[in-house]
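Protein sequence lines, in the order shown, are assigned to chains S and V.
In terms of the UniProt record's numbering, the first sequence is residues 1 to 215.
In terms of the UniProt record's numbering, the second sequence is residues 1 to 215.
Source of the hints: derived by calculation from the structure; they are not laboratory data.
Be aware that one or more of the hints could be misleading.
As the list claims (entries may be wrong) - With a straight-line Cα cutoff of 20 Å, these simulated EDC-like cross-link-like pairs (lysine to aspartate or glutamate) come out:
id, chain 1, residue 1, chain 2, residue 2
1, V, Lys-81, V, Asp-159
2, S, Lys-124, V, Asp-121
3, V, Lys-81, S, Glu-75
4, V, Lys-193, V, Asp-121
5, S, Lys-81, V, Glu-75
Number of protein chains: 2
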Amino acid sequence: MHMYGNWRSAAAFRVRIALKLKGVAYEETFIDLDAGDQHAPEFRRINPQGAVPALFDGAGPPLTQSLAILDYLEETHGGPKLLPEEPRARARARSLAQLVACDTHPLYVPRVRTYLMQAYDLPKERMMDFVRHVFETGLATLETRLSGEAGTGRFCQGDAVSHADLCLVSLWVGTGIFGVETAPYPTVARIAKTCLALPAFAEAHPLRQPGAPVT
Amino acid sequence: MHMYGNWRSAAAFRVRIALKLKGVAYEETFIDLDAGDQHAPEFRRINPQGAVPALFDGAGPPLTQSLAILDYLEETHGGPKLLPEEPRARARARSLAQLVACDTHPLYVPRVRTYLMQAYDLPKERMMDFVRHVFETGLATLETRLSGEAGTGRFCQGDAVSHADLCLVSLWVGTGIFGVETAPYPTVARIAKTCLALPAFAEAHPLRQPGAPVT
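Based on the provided sequences and hints, a complete structural model is requested.
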């Protein structure tokens, strides 16, 4: 497979983890988001949205949207199952994933941050109030659900990694990048650290990809 | 089934269409979003996110997040299939659905609009520039994909209704509510109108629900 991604992209990170967990061979081309390469005509032909990830599985049109790609990999590839079989558990794992991938992450992507600064003439630091608010809202809801719901186990849904964990970790890693305080979210932290101790998560980590700042 | 929804909620609209298409008996309790009832402690116990829809299927914990609910209904109920069988077509339908449900709709929900007005001291009309920008970005990407990709048929994915259409229509109806110009999106318009001519979509329409303004 061939993925267009970026070291920093939370959505590409989720897909990278799934590819590694399932043992799918892939290569990744890094699109320079800071240089605006996602808006170049040649990339817009791959994904008219101008967003990563885009994944090619052989010939055929590119697959886009990280959650759709995760479902595609689940339906077409072997390796560990990343969604539980039982429908209610499955729905819970999906709803936790979507709490991140629908209701949190899309609010702080570069195109939103740029729009807010330009349209409302906000200096970066004031725009970042919105980013931190978005993280805090998402993390607080995750913490309430994960600490209060019977379905939580070693991971978000029971004792097996699911799409929910891939999304949780992609948000967690962002707290470091954006300077978000994490002390109020101990259950989120516990699960994130459990995941990041696994090789697939560690190897897929943004800071271990080409182009990432050296820490 | 028992759904907590609201006449205006795009996410509740999607689920309502699926319930009607699949012929699932349900009743809906309307949460007054203008009065802030989604933040009341009794509703936060149902959904800690303070968002609709929340769906009860018999006893057992509530199901949340519209896309997770759509997949749950697909996996547990009969009636017409709302995702194609073939994995690439399925992934395409999902990616179009997520273009709306992840990358567009969550950016203009009430809690974001309220935050922007309060944090940046924006009058409503200036905040609405952001809402229109979000609609226009989502609609333009949908139009480019739907008009250019071979998978498009009578509906978003081929000639059968899928999750993509439920999401497309939920965005389309919002253009009326928020005063977004629709002329640049003829393919989106064609599919939305084809959907809204079907009884399940028409009966699920926000303006036909209790609490909606009389037009």
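For each hint, the structure was consulted:
no.: 1; hint: V:Lys-81 with V:Asp-159; verdict: 12 Å, holds
no.: 2; hint: S:Lys-124 with V:Asp-121; verdict: 16 Å, holds
no.: 3; hint: V:Lys-81 with S:Glu-75; verdict: 16 Å, holds
no.: 4; hint: V:Lys-193 with V:Asp-121; verdict: 38 Å, violated
no.: 5; hint: S:Lys-81 with V:Glu-75; verdict: 16 Å, holds
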